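K.L.:
Protein chains in written order, with our numbering: chain A, 1 to 232; chain B, 1 to 225; chain C, 1 to 222.
The set of hints was computed from the structure by calculation and includes no laboratory data. In this text, all values refer to a predicted model and were calculated from it rather than measured experimentally. Treat the hints with care, as some may be off.
[Claimed, not checked] 25 Å max Cα-Cα, derived SDA-like pairs, lysine to any residue:
(1) B:Lys67 with A:Ser99
(2) B:Lys67 with A:Leu199
(3) B:Lys67 with C:Val62
(4) B:Lys67 with B:Leu82
(5) B:Lys67 with C:Arg89
(6) B:Lys67 with C:Ala211
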Amino acid sequence: MALRLLLWLVIAGGLAAGFAWAPLVPVLGATTHVLYLHVPAAFVAFIALGWSMLHSVLYLARRDMRHDDHAAGAAELGILFCVVATISGSLWAKAQWGSYWNWDPRETSIFFVLLIYAAYLALRGALEDGPRRARLSALYSVLAFVTAPFLFFVVPRLYASLHPSPILPSREQGSMDPRIRVCFDAMLVGFTGLFFWMLNLRVRLGALARRHAEVELEPPDSAVAAAGRGTR
Amino acid sequence: MSAAAGALAVAADATRIEARALSHRYGPRVGLAPVVFAWQGPGVVAVTGANGAGKSTLLRILAGLLKPSHGELHLTRGGRALDAAQRRHAIGFASPELAFYPELSALENLSFAAAAAGAHHPAALARAALERVQLAARGHDRVAALSSGLVQRLRLAFALLHAPALVLLDEPGSHLDDEGRALLGGLVADAAGTALVVIATNDEREWRLARERVELRGRDVGPAA
Amino acid sequence: MSAWSSAGAMWALLRKEWVSEWRTRWGLHAALLFAVATLTAVSFAVGRLADRVDVLAALLWVVLLFAALSSLAHTFVRETEGRTLTLLRLVASPATIVFGKLLFNLLFLALLEVVIVPLALLLLGGPPPRWPALLGVLALGTLALASATTLLGALTAQARGRGALFAALALPLLMVVLAAGVSGVRAQWEGGAVAPALRLLGAFAAAMLGATLLLADHLWEE
């Protein structure tokens, strides 16, 4: 309870301070404010994808439905953060670069993440609840996981050699104003905490739903034996 | 929970199946309530039980088609555990759900199965299997053109194709006429000389072929009526 | 089972697929028609593009990609719908099945490309290609395409809405192939180096083949 309250305080405080207290980055002007939402959301979108893929692998190795809950929950929440990051980033790009979408490496990666999330959730939607859905969606997740390094690290380089990407105003300047840094870090911590808190709820809910389904189908004295000699 | 064990002398290459608290759930639904047994070949074992008791589920688990959600299953031959490839090689399986490629002939279906299983002379093996079920005359007909009774014979031919050590037959007499049933009796008796044959059925004519009968009395879906 | 008998089993599977396909033919016919229809629609809409090799390269790959997406799932869909997968699983290991299907998909794509690529060059125009470079990019691109999608086909065949789902799930996996394929085809026209694209396609195919081998055992459990 106290932790939850602290979480909301960190997010609200970080956001309020970001708008009212921290200065603007000279090049970015008023668009600085977008970044307090955008960067943490994008960060969490990637964390969530990694978390989902990690638990997909764990599910295949251990066959414990709790890993499936983690994988599914992280994807469901991740797509939320991913949409926030994509839209806020696109608005920012319009203000800074003059167009909503440029296919620069960052945009390509976030778009890829969005596609993976959408595909993963579409696959889950097409399968019935149970171990089979867990197994098949985990398989897809691992396939996507194998693809990711190529897209994140190799393709941008290949493309950069063909057409130079638009000049990025560096976001990770070493000379970032300490006040901006504080707000920024608060938002990062807040969003990450928010993600894991919601994920925890989702995982607990999944376990309860499974238990509920079992209890409904199971008569109370179900520990009966099944096989016996028929001819007697 | 009781066990039904075939206590025969252990032959050098005897096939043995042992299940400990083996059970399966389809999601929350019970497919097979826990069973315990140990069977040893050669010989015939019949598995009976009401619809939904888990006969087909048990056979699919034994065939390696379905991964059981709980319990242990040990498949050994001459005392050695079988890995997945050896298990595929040791098992012959036929069930009403087993379908063939309709655009291929009966012979082509069996030849393909034998070749994919790694047999050296798949075509010869396929022809011999068709003769065994008296289907050789229709061997070049496409499966799409065969009647359900003839397809059932093809299933039996498929199950016995590579002289498996463990033959799993799910309702082997379905769609068969009297002549077909007589044929089935002969095939089971032949196979039982060397192999462990497991028949899942509720038909008396079929479980009479077995030396031993095991009844599944697992609960079906929902509270007891 | 030894590698040798696996190879024999894959060969048997490839032959079976080929005979089935030849006798029914709907898969190949549909894919060819779809590809030609896409190609003519694109060609009709944009006209000749002799001087825009960047657009040309992209269009060529888009047509190839969509032809592949419309057809690559069908070998597994057919097994599921005909309920013949049980037979297959009883006689061959999952890896053998998947790699046998992969061989067939490669053959299928090769046939498709024999028709589409010359037709595309004819309809859309463009300078004469450097054939070795173009064929190299197409060959490795095809391998990458097939290795990324065969396991996926086996996976989506078990879900509802198979065909549409397959295309939706394949797209994110194939972004790499699309990017590298387009840049490779473009480079061979512009006189640039195709080696980076070839390396990327090759590495991607290798990674996908490895993943397929590792994951195949988890494909079917019921």
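K.L.:
Hint by hint, note whether the structure agrees.
P.N.:
Outcome of the hint check:
1. Taking the CA atoms of B:Lys67 and A:Ser99, the gap is about 53 Å. The hint is violated against a cut of 25 Å.
2. About 30 Å separates the Cα atoms of B:Lys67 and A:Leu199, which puts this hinted pair outside 25 Å; it is violated.
3. Of the supplied pair hints, the one linking B:Lys67 and C:Val62 is violated, its CA atoms being roughly 41 Å apart against a limit of 25 Å.
4. Distance check on the hinted pair: B:Lys67 and B:Leu82 sit about 15 Å apart at the alpha-carbon level, within 25 Å; holds.
5. A hinted pair counts as satisfied when its Cα atoms are at most 25 Å apart, and B:Lys67 with C:Arg89 qualifies at roughly 13 Å.
6. With a C-alpha separation of about 22 Å, the suggested pairing of B:Lys67 with C:Ala211 holds against the 25 Å cut-off.
The structure fails hints 1, 2, 3 (numbered hints given earlier, in ascending order).
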